[in-house]
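Let the sequences and hints guide you as you build the complete structure.
Protein chains: 6
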Amino acid sequence: MISARNQFKGQVKTVKLGTVMAEVVVQVGDLEVVAAITRASAENLKLKPGDVVTVLVKATEVMIAKE
Amino acid sequence: MISARNQFKGQVKTVKLGTVMAEVVVQVGDLEVVAAITRASAENLKLKPGDVVTVLVKATEVMIAKE
Amino acid sequence: MISARNQFKGQVKTVKLGTVMAEVVVQVGDLEVVAAITRASAENLKLKPGDVVTVLVKATEVMIAKE
Amino acid sequence: MISARNQFKGQVKTVKLGTVMAEVVVQVGDLEVVAAITRASAENLKLKPGDVVTVLVKATEVMIAKE
Amino acid sequence: MISARNQFKGQVKTVKLGTVMAEVVVQVGDLEVVAAITRASAENLKLKPGDVVTVLVKATEVMIAKE
Amino acid sequence: MISARNQFKGQVKTVKLGTVMAEVVVQVGDLEVVAAITRASAENLKLKPGDVVTVLVKATEVMIAKE
Chain A
101 MISARNQFKG QVKTVKLGTV MAEVVVQVGD LEVVAAITRA SAENLKLKPG
151 DVVTVLVKAT EVMIAKE
Chain B
101 MISARNQFKG QVKTVKLGTV MAEVVVQVGD LEVVAAITRA SAENLKLKPG
151 DVVTVLVKAT EVMIAKE
Chain C
101 MISARNQFKG QVKTVKLGTV MAEVVVQVGD LEVVAAITRA SAENLKLKPG
151 DVVTVLVKAT EVMIAKE
Chain D
101 MISARNQFKG QVKTVKLGTV MAEVVVQVGD LEVVAAITRA SAENLKLKPG
151 DVVTVLVKAT EVMIAKE
Chain E
101 MISARNQFKG QVKTVKLGTV MAEVVVQVGD LEVVAAITRA SAENLKLKPG
151 DVVTVLVKAT EVMIAKE
Chain F
101 MISARNQFKG QVKTVKLGTV MAEVVVQVGD LEVVAAITRA SAENLKLKPG
151 DVVTVLVKAT EVMIAKE
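Protein chains in written order, with this note's numbering: chain A, 101 to 167; chain B, 101 to 167; chain C, 101 to 167; chain D, 101 to 167; chain E, 101 to 167; chain F, 101 to 167.
Among the hints, a few may not be true.
Unchecked claim - With the C-beta cut set under 8 Å, the calculated list includes, among others, these residues of chain E facing chain B:
#1 Met-101
#2 Ser-103
#3 Gly-129
Just so you know, these hints were derived from the structure itself, not from any lab.
Just so we're clear, the structure is a prediction, and the values are computed from it rather than from any experiment.
Heads up, the beta-carbon is just placed ideally off N, CA and C, and yes, glycines get one too.
This is the structure we're talking about:
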């Protein structure tokens, strides 16, 4: 159990690999969540489209906008 | 238009105010998203339960877990 | 209106595109502010030198040094 | 010399102490920069109004908005 | 398995609870690692001195200084 | 003196340069710490294997997991 307050189940849609970083798009219900992680992490997790994953975000990283 | 890749519409459920920080829980569809922002931000936005808001998260702050 | 406490008007000086990430330098008055955002964000915003933009930083991301 | 790309000289305007966190407002030229750091850090640095300090922000924490 | 590149085993030394946030000090070998998480997370995990835990830090949050 | 609560001495093991970002692995005692910083920062610091450095992490960026 990890302290990050936001943890949502989803499915990997796309993985784009750069030299150092990777961009992973995860479908979470109706939402698309985009993660920029290191390429080595994406490789360690062997992330590929269709994988069932959990996206995690620490509460201190979430902002709120109101019109 | 802001560069943060993750922007989701929701509705404020609860606002808890500390001296410096505030915790805001936002209902986004089926998901509960928790934000820790400064109390002054919560007051500037006059956040209260029922408010329609957008939660924003920069892609570099999102992690992925896979079993 | 967004909860990020630091929001400063400026003008894009340079945009460097990598595969996944992009580095954007923004002139804010006398200061040069450097942002590392995803390449897709830079493309979505069609960022180019001369653009008038706002740089945003969440208060929880700011550190302080004192001699 | 530290890797954080954004480092700006300023002067502390206000320090608000909570139990765990502290909010420090720093005047940087015309700009007010707000930092949320731990109370213990504010105490370790003995931060008080008038102190000459440097605010630091990692480039990966900076977002950009464009109208 | 989570994408955060830095994961270190340790033991909780102290937990300080504020209204919204909590400060947790973890002994990791010779090092003391300090985490500021939400109070609700500290309570969800029932963190107390002596607990065996893992501290996690995303690589994009690590800075480097060199003299 | 900088407000970041976590500051650990170590030695650079590897530096991998991408177009925008760089991955730096630092040996801190028994631990390997991974940092994703901008390539320009790695170049400004002239980081190379063997360099004695300090890794820094803000307390708000540290998470805790407990089984």
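* Starting from the hint list further up, note which numbers the structure goes against and sort them upward. => The structure breaks only hint 3.
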